[in-house]
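Trainee: Sequence:
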Amino acid sequence: MYKILITFLSLFSAGVLAQNTSTGGNINTVGNRVFLSQTKLIKTSEVRDGDPYYNGASFLKADIPNYSKNLQKLRYNAYSDEMEFTSDNEVYIADKESGMIVNFEDLNKKYICLNYNFGFGDRYGYLVLLVSNPQKYSLYKREKFELLKGEKSINGINKDRNDYYSKEKDLYLLSYNGDFKKIDNSKKNLLEAFGSKSNEVDLYLKTNKINFKKESDLIKLISYMNTL
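When you line the sequence shown up against mature numbering (1 follows the signal peptide of the UniProt record, and there is no 0), it's residues -18 to -1, 1 to 210, in that order.
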């Protein structure tokens, strides 16, 4: 079962709040320093193969700047685009807040919650933060799982196949002045994304033999562009 987390409680004194377990009300957990709300219950009764957790199904220690240090361990659901955690053997969904950064130190990975658009309409959710420079170029990665339909046996001999999760190809997004552009394997499209700096980019690509398929090379390229 899944429940919705309305908001993290960023700052309050330990011992001030007492636990309230009334149905439909807030649960103020002092030790974990969060506010929970039982406003929505999502049931997942369907049998599905695999799981939608990009970094594995385990909950990992996370840090959110300007929030309490006593947060529950989190995991990222790349199908629902939600951060999840457990409390009292229930799975809760963390409320999204624009600009919120979730840092998984053990993974050396940061997620940021943003409004973004890359040609398929406006989106609001989590992106992996690879290069951050609000004044110049920032680089993000979208991680996504899709749920594919299983197949029913047509002869009664073979087993039915359940619906199953499948990982989509990672999508890299370049941001400049709030404008997002998708980075693909096209050198032409990449140069166009840099506008007047396309000549510098072209030279850097040739000199350093940048491979668009390598995340480390993309990080190197965008970091270099931010020095110009």
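A portion of the hints provided could be inaccurate.
Stated by the list, open to error - Label pairs and their in silico Cβ distance ranges:
1. LEU89 with ASP31: 38 to 48 angstroms
2. ASN171 with ARG105: 17 to 27 angstroms
3. LYS202 with ASP142: 43 to 53 angstroms
4. ASN99 with ASN144: 32 to 42 angstroms
Stated by the list, open to error - Listed next, the in silico DSS-like pairs over lysine-lysine satisfying Cα-Cα at most 30 angstroms (straight line):
5. LYS179 with LYS149
6. LYS55 with LYS92
7. LYS118 with LYS170
8. LYS163 with LYS78
9. LYS202 with LYS134
10. LYS163 with LYS51
11. LYS163 with LYS118
12. LYS55 with LYS78
13. LYS169 with LYS151
14. LYS191 with LYS163
15. LYS149 with LYS43
16. LYS170 with LYS191
No wet-lab data here; the hints were simulated from the structure.
Note that beta-carbon positions come from the ideal geometry of N, C-alpha and C, so glycine has one too.
Trainee: Sort out which numbered hints this structure fails and list those numbers smallest first.
Mentor: The structure breaks hints 1, 5, 9 and 10; every other hint is satisfied.
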